[in-house]
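Read top to bottom, the protein sequences are chains A and S.
First residue of the first sequence: 1, per the numbering used here; consecutive thereafter.
First residue of the second sequence: 1, per the numbering used here; consecutive thereafter.
Think of the hints as simulated: they come from the structure by calculation, not from any bench.
Just so you know, even glycine gets a beta-carbon here, dropped at the ideal spot from N, CA and C.
Treat the hints loosely; a few may be bogus.
[Claimed, not checked] Not close to chain A: a few residues of chain S, all C-beta gaps over 10 Å, as computed: (1) Ala10; (2) Asp84; (3) Lys148; (4) Gln157; (5) Leu207.
[Claimed, not checked] Pairwise CB distance ranges, derived in the manner of DEER restraints: (6) S:Asp197 - A:Pro148: 33 to 39 Å; (7) A:Gly94 - S:Lys156: 32 to 38 Å; (8) A:Gly94 - S:Gly75: 40 to 46 Å; (9) S:His34 - A:Glu136: 41 to 47 Å; (10) S:Ala90 - A:Gly116: 14 to 20 Å; (11) A:Ala10 - S:Glu6: 35 to 41 Å; (12) S:His34 - A:Glu196: 49 to 55 Å; (13) A:Gly94 - S:Arg216: 25 to 31 Å; (14) S:Ser144 - A:Pro148: 38 to 44 Å; (15) A:Tyr205 - S:Arg213: 51 to 57 Å; (16) S:Gln40 - A:Pro118: 40 to 46 Å; (17) S:Lys156 - A:Pro203: 31 to 37 Å; (18) S:Glu192 - A:Ala131: 41 to 47 Å; (19) A:Val115 - S:Pro62: 31 to 37 Å.
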Amino acid sequence: MTLLNKKHIAIEEAIARIPDGASIMVGGFGSPGTPFALLDELLAQGQKGLTLIKNDANEPDIGIGRLIKAGRVERLIASHIGLNRVAIEEMNHGRLAVEMYPQGLLAEKIRCAGVGHPGFLTDIGLDTEIASRRQEIELDGRTCAIEPAIHADFALVHADLADTYGNLTYRGTAINFNPLMAMAADTVIAQAFRLESPGSLKPEYIHTPSAFVNHVVQVDPATSEQGIREHAV
Amino acid sequence: MLSDQERILARAAREILPGQIINLGIGLPQRLFHYMPEDQHVLVHSENGILGCQPLADNAKPDYEMIDSGGAYIGASPGASVFDSALSFAMIRRSRVDVTFMGAFEVDQQGNLANWKIPGKFSPGIGGAMELAQKVDKLVVLCSHNDKRGNPKILKQCRLPLTAANCISLIITEKAVMEVTDQGLNVIDMAEGLGVDELRAATEAELMIDESRVGRF
């Protein structure tokens, strides 16, 4: 249990709760929504043997790319790692165990853990090679695959605006996996660009209610500059 | 004179109807943004969590928390919404996206699609392609007719691991526009000046071609 009035702590203290070998969900799709400051603190503190759960592997020199490059990640659960050639090399050389799922199934597996269900049934991928690794059942005459929920010890999420009780709001396409992961781990650590006192946020605009969040830290928006690359349609 | 890719894109844009919700896959399909008619009340869905993305205006400063699934900085079009990844795929699995455009390594005459993995060479993960291919009612494949070595990509049977089976509605290449029917691939349009024998020679799949009805593009 984390007391509402004790959630706002220093970034060093929050990340120090993570032991070697922990499983950690990391928000973000590419750069937006990736909690870069929390990840850099994790890199600095030296935890190793980690299992990371993130949509992608960021890029080689930012976010979880840095942790992978430093050899601190043992296992990665993701949907697409095409933008990180280092992660692909580590996977091909057997130094990084990678488990990949279709993106919507990954999101739903995390959502399931977050809402307290052990798993769900789906018809996605029944005609493809991913079917071979799943258990199937019949339901109302239809074949369905069982997808177990994915749960983690920790979740590191990025919010735009939060309050010190741990109410979170996200912005733009930085929402992505963050609200799902903020419900699916035992200990949830949120970073926010702006942190205000309780009562400042309109209740109906809150994306993740405080009940799910254990620790909240304020970070400088400038620390996410490392996630920027030039790319336009 | 238009390049092959420009001709594919111009032809593909004709598949978008006013008022529709569409998804543009990474690579060539994303360039469709620039071929869409304006003021048609079309919303572009991107599976990272936005319905209503549009290219940034020239010289516009990017918002670093606004990208599409290909990683490009985008803006929000009028009537846009943003949401989490689970909801984004709910929209896909519930067929609320009308049309999706994707690239392909291989397609075949059963409407099977392979576009995510080349065993031993390329396996970055499937991303959102499997769910889009399986669940969106109309899947339009945009690809070159042959690979870089000239081998056919329009096959009798896909050899690479499938993204989804029997999922394609229409295939648009620089040589032809082919609709997938229960009887096989029906050629609707052919490139200006291309002969039927030439098209068959560049294609492994069986093609149904009624020359009196084929359009040119």
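Status of S:Lys148, Cβ more than 10 Å from any chain A Cβ: S:Lys148 clear of chain A: closest Cβ-Cβ about 19 Å, beyond 10 Å.
Satisfaction of the hinted span 49 to 55 Å by the C-beta atoms belonging to S:His34 and A:Glu196: violated (41 Å)
14 to 20 Å as the expected CB spacing between A:Gly116 and S:Ala90, which holds or is violated: Holds, at about 19 Å.
C-beta pair A:Gly94, S:Lys156: status relative to the range 32 to 38 Å that was hinted: The hint (32 to 38 Å, Cβ to Cβ) holds, given that A:Gly94 and S:Lys156 are roughly 36 Å apart.
A:Tyr205 paired with S:Arg213, Cβ distance criterion 51 to 57 Å: Cβ of A:Tyr205 to Cβ of S:Arg213: about 56 Å, so the range 51 to 57 Å holds.
Distance restraint hint 35 to 41 Å, applied to the beta-carbon atoms of A:Ala10 and S:Glu6: violated (55 Å)
Verdict for S:Gln40, A:Pro118 (Cβ pair) under range 40 to 46 Å: About 45 Å separates the Cβ atoms of S:Gln40 and A:Pro118, which means 40 to 46 Å holds.
S:Glu192 versus A:Ala131 beta-carbon gap, inside 41 to 47 Å or not: Distance hint for S:Glu192, A:Ala131 holds at roughly 43 Å.
Verdict on S:Asp84 as a residue remote from chain A, using beta-carbon distances over 10 Å: violated (5 Å)
CB-CB spacing for A:Pro148 and S:Ser144 relative to the 38 to 44 Å hint: 40 Å Cβ-Cβ, so the 38 to 44 Å window holds.
Minimum Cβ distance from S:Leu207 to chain A greater than 10 Å, as the annotation requires: Given a closest Cβ separation of 24 Å, the condition holds.
Assessment of proposed distance window 33 to 39 Å (beta carbons of S:Asp197, A:Pro148): Violated: the Cβ-Cβ distance is about 54 Å, outside 33 to 39 Å.
Hint compliance for this structure: hints 2, 6, 11, 12, 13, 17 are not met, and every other hint is.
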